[in-house]
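> Below, each chain spelled out in residue letters.
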Amino acid sequence: MTDLLDKRLVFVTGKGGVGKSTVAAALGMVAARQGRRTIVAEVAYQDRIARAFHGEDSHFREVEIADGLWTISIDPRHALEEYLRLQVRVRALADVLSGSRMFQYFAVATPGMSELVTMGKIWELAQLQRRTKGGARYDLVIVDAPATGHGLAIMRTPLTFANVARVGPIAQQGRTIHRTIVDERHTGVIAVALPEEMPVNETLTLRDELRRELGLALDRVVVNALYPERFGPRQAGTLSRALETAGTPLQRAALRAALSEHRRARGQREQVARLEEATGREPARLPYVFEPELGVKQFEELSRELEVAL
Amino acid sequence: MNVADELRDKRVCICGGSGGVGKTTVSAAIAMGMAAEGLKVAVVTIDPARRLANSLGLEELGNEPRLVDPKLFGKAGVEMKGELWAMMLDAKRTFDEVIGRLAPDEDTRDEILSNRIYKELSSAVAGSQEYTAMSKLYDLDRDHDFDLLVLDTPPSRNALDFLDAPDRLTQFLEGRALQVFLRPTGFATRIVGRGTGVVFGVLKRVTGVDLLQDLSVFFRSLGGLIDGFKERAKQVNALLADPETTFLLVTSPEREPIDEAIYFWRKLKAARMPFGGVIVNRVHHDEAPDADPDEVAAELEDELGAKLARRVAENFRDYQMLARRDAANIERLAQKLDERRLALVPHLDDDVHDIAGLSRIHRFLFASERERARMLADTVA
Chain A
230 MTDLLDKRLV FVTGKGGVGK STVAAALGMV AARQGRRTIV AEVAYQDRIA RAFHGEDSHF
290 REVEIADGLW TISIDPRHAL EEYLRLQVRV RALADVLSGS RMFQYFAVAT PGMSELVTMG
350 KIWELAQLQR RTKGGARYDL VIVDAPATGH GLAIMRTPLT FANVARVGPI AQQGRTIHRT
410 IVDERHTGVI AVALPEEMPV NETLTLRDEL RRELGLALDR VVVNALYPER FGPRQAGTLS
470 RALETAGTPL QRAALRAALS EHRRARGQRE QVARLEEATG REPARLPYVF EPELGVKQFE
530 ELSRELEVAL
Chain B
24 MNVADELRDK RVCICGGSGG VGKTTVSAAI AMGMAAEGLK VAVVTIDPAR RLANSLGLEE
84 LGNEPRLVDP KLFGKAGVEM KGELWAMMLD AKRTFDEVIG RLAPDEDTRD EILSNRIYKE
144 LSSAVAGSQE YTAMSKLYDL DRDHDFDLLV LDTPPSRNAL DFLDAPDRLT QFLEGRALQV
204 FLRPTGFATR IVGRGTGVVF GVLKRVTGVD LLQDLSVFFR SLGGLIDGFK ERAKQVNALL
264 ADPETTFLLV TSPEREPIDE AIYFWRKLKA ARMPFGGVIV NRVHHDEAPD ADPDEVAAEL
324 EDELGAKLAR RVAENFRDYQ MLARRDAANI ERLAQKLDER RLALVPHLDD DVHDIAGLSR
384 IHRFLFASER ERARMLADTV A
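Chains as they are written, first to last, in this note's numbering: chain A, 230 to 539; chain B, 24 to 404.
Worth flagging that the hints you see were computed from the coordinates, not collected in a lab.
For every residue, glycine included, the Cβ atom is placed at its ideal position computed from N, Cα and C.
Do not take every clue at face value.
Stated by the list, open to error - Here are the simulated lysine-lysine pairs, DSBU-like style, with alpha carbons at most 35 Å apart:
(1) Lys330/B x Lys526/A
(2) Lys236/A x Lys142/B
(3) Lys253/B x Lys142/B
(4) Lys359/B x Lys526/A
(5) Lys104/B x Lys33/B
(6) Lys33/B x Lys94/B
(7) Lys63/B x Lys33/B
(8) Lys253/B x Lys115/B
(9) Lys115/B x Lys94/B
As the list claims (entries may be wrong) - Chain A is nowhere near these chain B residues, computed Cβ spacing over 10 Å in every case:
(10) Glu60
(11) Pro127
(12) Arg383
Stated by the list, open to error - Where chain A lies over chain B, by a calculated footprint (3+ residues, C-beta under 8 Å):
(13) 41 to 49
(14) 322 to 335
This is chain A alone, in the form it adopts within the complex (with noise of 0.2 Å):
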């Protein structure tokens, strides 16, 4: 736990729907909590973990939602506009670019662009120096990344451009950013799965990818919303029998419902067996949250959890 929240840049990835936006905000409270300034950014401009604390809005703005917690949603046109004054230094000129449309041709005609300055932003959040202007530093970046597939390629995105444009400015951050993703003392990444045949597949796919196209491992694998183990197999048996001469329709339903999440549990623990035997390590697990919204309140929980866990 501690050597991942040491390090300072974490990914947070998994399937789509597996709960990555809620173990990115629960890991940001954990690591706020130990004293690092923290920040976990979104990247699909959905403002959704400000909203979730109650927050300022953070579409491409910096906003603290805890006390040493600060999120922020980043968006491909903020993020090129920003790396252009900073490239450019001369804000005049820089506003010139962005301004033209021959510039906003080049940004929209080039595949991966988008992708590109996002993860531009993300590494620049992660420099010990801030590069924007009154920007502080951040112990801890921590990214809501895409779902698996777009999740690596942005992660990618970096070696790509370094790749296609071989020499000149892009080619020479693409090259940097890249560096820093590769290196295992500075960057981490996570994958977040439910405890189901799929996710875990996806999570098993993602393991090897990132091993093959950046050499990097899992640093660890979470499952999120397991089912609490309330009734073992003889228990079970117990509840099997009184459905069968239960008397009332109330009594039918709760046996029933209590046999369901015996069956659906039992199958979570496979999936997790399975995971664990593949992956060689016990994953960090997570409580299924019996709420119909998560609020700051079940965030701390899951934090207090995964803080454990980790």
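Starting from the known structure of chain A, fit chain B onto it as the hints suggest.
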């Protein structure tokens, strides 16, 4: 809503929705159900679970639909009157195929396919899956004689990306962006050394000359294909708007996927796309919403013992909460839609990864409201 009725006179069914809601499984179940009724159906999936793929006899290679072995259905208790074909989309390969189809000659094709920028970017870039999925759908519709095509859309963060992917590509190709590169007096020429002016000077400094040069070579070789891409996008759009095409949205009953489904539905409506209905997957149904769990504990205590009875009650309380949450979200969805076109599939106890599992989902999709209610009463928790 009964999916079979909805698809009766359709040729193309596109299943959209956010990631992790069971879209692939639902798409496969729909395709299997329609095939079982006697049609020749192909399902195009993006990245199915390994076991589901294996159980359908799907392999990663091919990029063309394959017939699922009819014997497999009988074993799973499904009476198959038609044919089910399935394929897994290979984005890079599909893109190469499109280039092959559109290139005026082999030299142009090879020039593009071997271009460094094309090779680096054609598969790496987010969005290529969206374009290739639509493109493949169009080719399958044109070149084959399937009665019905079912497309499982890519799991993009924005469920709509694939809808306007062909248009985006056309806009780019038609737009000034590319023209700047292609004009004889444009970018490409200026890059070769005569470029002047502040903007160009700064751009060169920011990007490096090599990159600009390579891009201009790439865009120039792509230039000959522009009309082909445009024509293709037009035809894909026509296929999307065709009266024989329909969109089914797939969602789970949690807040965010439901929000996404509502957003998606609005977009479909704004774009005047045909909307078939929403399939809500993994619903927790409440059989006794007003029941007091403590009462259950008291009733069961004699038989189960106090400890186990209390746990059953505790579990029941959590289950009721999930059922209430699901019901509230589904109600919100139903209120937003003009008409109540919903099909609810219960949260099954096991993962679905084989034909028998598909057939369990299929039963709920291909039932009338009344049949569904009866099945729910029989099968769910």
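> Okay, which hints does this one fail, numbers in order?
none
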